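There are 2 protein chains.
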Amino acid sequence: MKRRRPRPSGEFVRQAGDLRLIPLRTLPEVTRGTDLAGLIAGAAQREGVEFARGDLLVVAQKIVSKAEGRTIGLASVKPSPLALEWAPRVGQDPRLTEVVLRESRRVIRMTERALIVETRHGFICANGGVDRSNVPGERVTCLPKDPDRSASRIAAALRRRTGIAMPVIVSDTFGRPWRLGLVNIAIGSSGMSVMEDLRGTSDAHGHSLRATVLASADELAAAAGLLMKKNAAVPVVIVRGFPYRHAHESALCLLRPAAEDMFR
Amino acid sequence: MKRRRPRPSGEFVRQAGDLRLIPLRTLPEVTRGTDLAGLIAGAAQREGVEFARGDLLVVAQKIVSKAEGRTIGLASVKPSPLALEWAPRVGQDPRLTEVVLRESRRVIRMTERALIVETRHGFICANGGVDRSNVPGERVTCLPKDPDRSASRIAAALRRRTGIAMPVIVSDTFGRPWRLGLVNIAIGSSGMSVMEDLRGTSDAHGHSLRATVLASADELAAAAGLLMKKNAAVPVVIVRGFPYRHAHESALCLLRPAAEDMFR
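First to last, the protein sequences are chains C and R. Per this note's numbering, numbering of the first sequence is gapless, rising by one per residue and ending at 588. Per this note's numbering, numbering of the second sequence is gapless, rising by one per residue and ending at 588.
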């Protein structure tokens, strides 16, 4: 609304069609049981951000896991023989390795370089999304049990508070085969289509776009990742101006079925 | 500059720290020899966009390839026996398959599902980046020979026109193992660091971030991908507000060396 109000000329006024990413920087430390929607709404207010219809939110997995109590104190973990065998070869804490194995339903690669697993949800990533950064003390975080449900809970609570229905993506940074560096991807989603299917449509020259399905939720997560980083304490990014499609679609739709996957 | 000018209260004013993505929508059809920087500057002017210090540009590979004459008329292609053998099994034009093989330095997977190759640059992708969409007639586009150089040429020409040094990323949509859907990634880059290395820094709790290198150029390309799509005729996106680091760094730095790659 307000963002479309015309501005004095001479200023940069173009807005329709622009995409805007707005970081929230003042969320306090999250602990088990924290009301994330309350924290997000509070931070937005403090930072002068007014939610608008059409906004969507990308929320970092780390704060979702913390709020849901998905952290594990390493002191309580008794490593299995496999974890004890493998961890020293990669300089990892065997208790961390043990947590990774417990979170997994399949080991994809177990080498001196990395432990790549398929998590119980079906995500394939290093260390099964188990992570030590941004967690106080001798604790690790695991991925939320059901990241779609986490997203949907946050969306519902924000809707109750603000009166605005906004899709929510829960994101985490994953590595990739073939390319270096981590990128932020969508592990949970609520209220929007996670893919944009252009098959059956035509390009400007009348060719049908046969193979073109875009992973929009991953691109949204990646865009938010530019503001989140790991050490910057930006766990929530508001995306304004993306014409998403309303849908009940799980982020798990973005997983390539094992039978179709040539690299598993 | 202008984006920081204070606005009347009651309006949505928060801008510092925001990221803005501005699509250019009025570029005319590009052909061999087209001066891309001229076209981009013209479109920006037409659309009321004033470039600002700190901006960077993401440019779709497709228009770069066309401007550089990297299109091939299929009528001129004589398929090899291998292309003739394989193409019918996947319903592909053998001449297209032939162009893919010519662009490749290694075949990674050749199955009924897809032809995944390593291009002469080192990118691993389906069909070696050879593409039929958005090309008139019986022609295909190949990736630019040296996408970093393409980026750097566009950056230099834009600097001459506008007086502003802006990094340029050349992007293309790639598929991924394990996950469905295409995402836009960086295949060429000029004027900025393509990765953000957080190793050696600490998180909020004093843990050092050992494995954290972010592929910023890929996240920038993905963000731009949200506006580009394939059929939307947005071949250029301006990114405003991303605190990139000046550097002479090739987008090839994002390629994982084969020896370190567990999925090749």
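There's no promise every hint is true.
When chains are identical, the list treats them as one kind, so a pair holds in a single copy or across two.
As the list claims (entries may be wrong) - Once the Cα atoms are required to be at most 20 Å apart in a straight line, the calculated SDA-like pairs of lysine to any residue come out as:
1) Lys553 - Pro460
2) Lys402 - Gly366
3) Lys469 - Val431
4) Lys402 - Leu363
5) Lys402 - Glu371
6) Lys469 - Leu406
7) Lys402 - Glu462
8) Lys469 - Asp521
9) Lys553 - Met519
10) Lys553 - Phe375
11) Lys553 - Gly397
12) Lys553 - Pro567
13) Lys553 - Arg523
14) Lys402 - Val414
15) Lys469 - Pro352
16) Lys469 - Glu436
Derived by calculation from the structure, the hints in this document are not laboratory data. The structure displayed is predicted, hence computed values, not measured ones.
A quick look at each hint next to the structure:
With identical chains, the CA atoms of lysine 553 and proline 460 are at most 20 Å apart within one copy only, with a shortest distance of 18 Å there and 41 Å across copies. When the C-alpha separation of lysine 402 and glycine 366 is checked against a cutoff of 20 Å, the pair qualifies neither within a copy, at 40 Å, nor between copies, at 65 Å. In this homomeric assembly, lysine 469 and valine 431 come within 20 Å of each other (Cα to Cα) only inside a single copy, at 19 Å, whereas the closest approach across copies is 38 Å. Proximity of lysine 402 and leucine 363 under a CA criterion of 20 Å is satisfied in neither setting, with 35 Å inside one chain copy and 63 Å between copies.
With identical chains, the CA atoms of lysine 402 and glutamate 371 are never at most 20 Å apart, being 44 Å at best within one copy and 62 Å at best between copies. Taking the shortest alpha-carbon separations for lysine 469 and leucine 406, neither the intra-copy value of 24 Å nor the inter-copy value of 47 Å comes in at or below 20 Å. In this homomeric assembly, lysine 402 and glutamate 462 come within 20 Å of each other (Cα to Cα) only inside a single copy, at 14 Å, whereas the closest approach across copies is 63 Å. Within a single copy, lysine 469 and aspartate 521 get their C-alpha atoms no closer than 28 Å, and across copies no closer than 30 Å, so neither meets the 20 Å cut-off.
Taking the shortest Cα distances, lysine 553 and methionine 519 sit within 20 Å of each other only across copies (12 Å), while inside one copy they are farther apart (24 Å). Taking CA atoms no more than 20 Å apart as the test, lysine 553 paired with phenylalanine 375 passes in neither setting, with 23 Å inside one copy and 26 Å between copies. In this assembly of identical chains, lysine 553 and glycine 397 lie within 20 Å of each other by CA distance neither inside one copy nor across copies; the values are 25 Å within and 44 Å between. Taking CA atoms no more than 20 Å apart as the test, lysine 553 paired with proline 567 passes between copies only; the shortest distance there is 12 Å, against 25 Å inside one copy.
Taking CA atoms no more than 20 Å apart as the test, lysine 553 paired with arginine 523 passes between copies only; the shortest distance there is 12 Å, against 33 Å inside one copy. In this assembly of identical chains, lysine 402 and valine 414 lie within 20 Å of each other by CA distance solely inside one copy; the values are 18 Å within and 51 Å between copies. When the C-alpha separation of lysine 469 and proline 352 is checked against a cutoff of 20 Å, the pair qualifies neither within a copy, at 23 Å, nor between copies, at 49 Å. Taking the shortest alpha-carbon separations for lysine 469 and glutamate 436, neither the intra-copy value of 28 Å nor the inter-copy value of 35 Å comes in at or below 20 Å.
In terms of the numbered hints stated before, the structure departs from hints 2, 4, 5, 6, 8, 10, 11, 15 and 16, listed from lowest to highest.
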